[in-house]
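Asks: Chain by chain, the residues:
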Amino acid sequence: MDIQRINPSEKWSDVTVFNKMAHFVEVPADETADMLGQVKQVFAQAEAMLASVNSDKSRLVSVTIYVTDFENLSILNEAWIKWLPEGCAPSRACLKVELADPDYLVEIAFVAAVK
Amino acid sequence: MDIQRINPSEKWSDVTVFNKMAHFVEVPADETADMLGQVKQVFAQAEAMLASVNSDKSRLVSVTIYVTDFENLSILNEAWIKWLPEGCAPSRACLKVELADPDYLVEIAFVAAVK
Amino acid sequence: MDIQRINPSEKWSDVTVFNKMAHFVEVPADETADMLGQVKQVFAQAEAMLASVNSDKSRLVSVTIYVTDFENLSILNEAWIKWLPEGCAPSRACLKVELADPDYLVEIAFVAAVK
Numbered sequence: 342m343d344i345q346r347i348n349p350s351e352k353w354s355d356v357t358v359f360n361k362m363a364h365f366v367e368v369p370a371d372e373t374a375d376m377l378g379q380v381k382q383v384f385a386q387a388e389a390m391l392a393s394v395n396s397d398k399s400r401l402v403s404v405t406i407y408v409t410d411f412e413n414l415s416i417l418n419e420a421w422i423k424w425l426p427e428g429c430a431p432s433r434a435c436l437k438v439e440l441a442d443p444d445y446l447v448e449i450a451f452v453a454a455v456k
Numbered sequence: 342m343d344i345q346r347i348n349p350s351e352k353w354s355d356v357t358v359f360n361k362m363a364h365f366v367e368v369p370a371d372e373t374a375d376m377l378g379q380v381k382q383v384f385a386q387a388e389a390m391l392a393s394v395n396s397d398k399s400r401l402v403s404v405t406i407y408v409t410d411f412e413n414l415s416i417l418n419e420a421w422i423k424w425l426p427e428g429c430a431p432s433r434a435c436l437k438v439e440l441a442d443p444d445y446l447v448e449i450a451f452v453a454a455v456k
Numbered sequence: 342m343d344i345q346r347i348n349p350s351e352k353w354s355d356v357t358v359f360n361k362m363a364h365f366v367e368v369p370a371d372e373t374a375d376m377l378g379q380v381k382q383v384f385a386q387a388e389a390m391l392a393s394v395n396s397d398k399s400r401l402v403s404v405t406i407y408v409t410d411f412e413n414l415s416i417l418n419e420a421w422i423k424w425l426p427e428g429c430a431p432s433r434a435c436l437k438v439e440l441a442d443p444d445y446l447v448e449i450a451f452v453a454a455v456k
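Protein chains in written order, with my numbering: chain C, 342 to 456; chain Z, 342 to 456; chain R, 342 to 456.
FYI, nobody ran anything at the bench for these hints, they're computed from the structure.
The reader is advised that the hints may include incorrect statements.
Same chains, same names: a pair is fine if it fits in one copy or spans any two.
Stated by the list, open to error - No more than 25 Å apart at the CA atoms, straight line, and that leaves these computed lysine-lysine pairs for DSS-like:
1) 361 x 398
2) 352 x 423
3) 361 x 437
4) 423 x 456
5) 437 x 456
6) 456 x 361
Nothing here was measured: the structure is a model prediction, and the numbers come from that model.
Could you put the whole structure together from the sequences, leaning on the hints where they help?
Replies: This is the structure in structure tokens:
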């Protein structure tokens, strides 16, 4: 099978890999956390996903960041800068939308290069 | 030509393929349908697009689902689960946004692996 | 290094290239311009980004266009059609969202094929 899927459920896979490109989307596991808590969860979950497909946070190609309130953007940006290894930033779009769970404050779609 | 385009119009192509990855975006052809009708149209259109580039719905890598009302999400999810072959779910983001035609209830952007 | 990054900053890179696919996102440099002005800036910036990675506007694979007001869509579409070489349109999604700077009227995420 040339497409790798991690934990395929009825609705989505945690990660897919094709052509050495990984696609995955993270929302915070604990949506009762505040913005910083949710962002940290998303980053930790992303690191676990990346590790599961032989990649890491230095290999992000593209991210689309969805927030529900731009008042939270500075919190996200500060954590983002701390989280990213130097010189490894991906292409990035950042948008305000509504998310499927009203308690979600952030959702991030990642594209990463697998080794 | 190393980029394949199906039905390129002035504004978009129905599908593009590069590096064995297909990109395409579907909105319902008949926007007067209800949510279930629109979702079924989008899925049928997606199957036709996939077939046109030697792929199928078991080979989706990533989808971004845009809905205009999360009240419709359960309808989408139920149809989505029925539509997807078992064990083949892509990475998936789901967002509420406004769509270009106020009658559109759903738009889906697909990335699929070509055989 | 198998991932190419153009101008990596703390938050994003201007362009990333992996597997001959370029990812980049443009917002207008001068957000005081009107819609047509902002769109023209985004297109000019995109051409510069494409040139920086040995690609051009005939090699777009996918675009996601974010606008803040669909009243501006006809202005975007007219400029888009003029800008795109014939027969080279990418896959395209177009959505209304809110953008990080309230003066931004348009943001476009591009995926392009590198030569």
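Asks: Which numbered hints turn out to be false for this structure?
Replies: 3 and 5
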